[in-house]
Amino acid sequence: NAGVTQTPKFRILKIGQSMTLQCAQDMNHNYMYWYRQDPGMGLKLIYYSVGAGITDKGEVPNGYNVSRSTTEDFPLRLELAAPSQTSVYFCASNQGWGSYEQYFGPGTRLTVT
Amino acid sequence: RKEVEQDPGPFNVPEGATVAFNCTYSNSASQSFFWYRQDCRKEPKLLMSVYSSGNEDGRFTAQLNRASQYISLLIRDSKLSDSATYLCVVSRRVNFGNEKLTFGTGTRLTIIP
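Read top to bottom, the protein sequences are chains V and W.
Numbering-wise, the first sequence is residues 1 to 113 according to this note's numbering.
Numbering-wise, the second sequence is residues 1001 to 1113 according to this note's numbering.
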């Protein structure tokens, strides 16, 4: 199993540009999450999904959108990128329903200038 | 007050020493507790779950004190490979059997040869 994969690993965006961060998992997990991690800060939940077709906001959803059309994929869309969105983005998944360990992807380092 | 608080460190400890980290949480409804390990520029990975009875995994011992709302991690006979940031993670039920994880900012540990 590849586990949780994310692309790209690095990206530099100009202010106002848009992009999609890709996340996929091959563990047949129902639950998927997007976090951002800023230097010296804990991970903050952006969006999560409990299954295909179901998504919900986390703590810091503004400026982002998600979709979950399949169990495997959970892309994160940034519209009109801002410098405040410079961060490391982690996607994670777990089976849920009593299995609370979350498995993380390797992260995407995004810089908005 | 932050929901999960940790001493950020850094802790610089000689190889072979014992080191202990503490973490406090503010939400008494929290149900599950974990320590995650994050290597530099890598994703977090589960180190161990924390139970009220305390649990041990090799050189690592985790304790939970629900009355005082703190969690501890003890590392004995520390190795160079233990150098990492240790994240205290607390979860509580949200809905649909899903649990929301709240991450501490992490404690950085460096083991000195």
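It cannot be assumed that every hint is accurate.
Unchecked claim - A few chain W positions that, by computed beta-carbon distances, are all more than 10 Å from chain V:
| hint | residue |
| --- | --- |
| 1 | S1049 |
| 2 | E1056 |
| 3 | F1060 |
| 4 | T1061 |
| 5 | Q1063 |
| 6 | I1112 |
| 7 | P1113 |
Said to hold, decoys possible - In silico DSSO-like links for lysine-lysine, alpha-carbon gap of 27 Å or less:
| hint | chain 1 | residue 1 | chain 2 | residue 2 |
| --- | --- | --- | --- | --- |
| 8 | W | K1045 | V | K14 |
| 9 | W | K1045 | W | K1100 |
| 10 | V | K44 | W | K1079 |
| 11 | V | K9 | W | K1042 |
| 12 | W | K1042 | W | K1002 |
| 13 | W | K1002 | V | K44 |
| 14 | W | K1079 | W | K1045 |
| 15 | W | K1079 | W | K1042 |
| 16 | V | K44 | W | K1100 |
| 17 | V | K57 | W | K1042 |
| 18 | V | K57 | W | K1079 |
| 19 | W | K1079 | V | K14 |
| 20 | W | K1100 | W | K1042 |
| 21 | W | K1002 | W | K1045 |
| 22 | V | K9 | W | K1002 |
| 23 | V | K57 | W | K1045 |
| 24 | W | K1079 | W | K1002 |
| 25 | V | K14 | V | K57 |
| 26 | W | K1042 | V | K14 |
| 27 | V | K44 | V | K14 |
FYI, nobody ran anything at the bench for these hints, they're computed from the structure.
For every residue, glycine included, the Cβ atom is placed at its ideal position computed from N, Cα and C.
Q: Identify every previously stated hint that the structure contradicts and give their numbers, smallest first.
A: Violated hints (numbers, rising): 1, 8, 10, 18, 19, 22, 24; every other hint is consistent with the structure.
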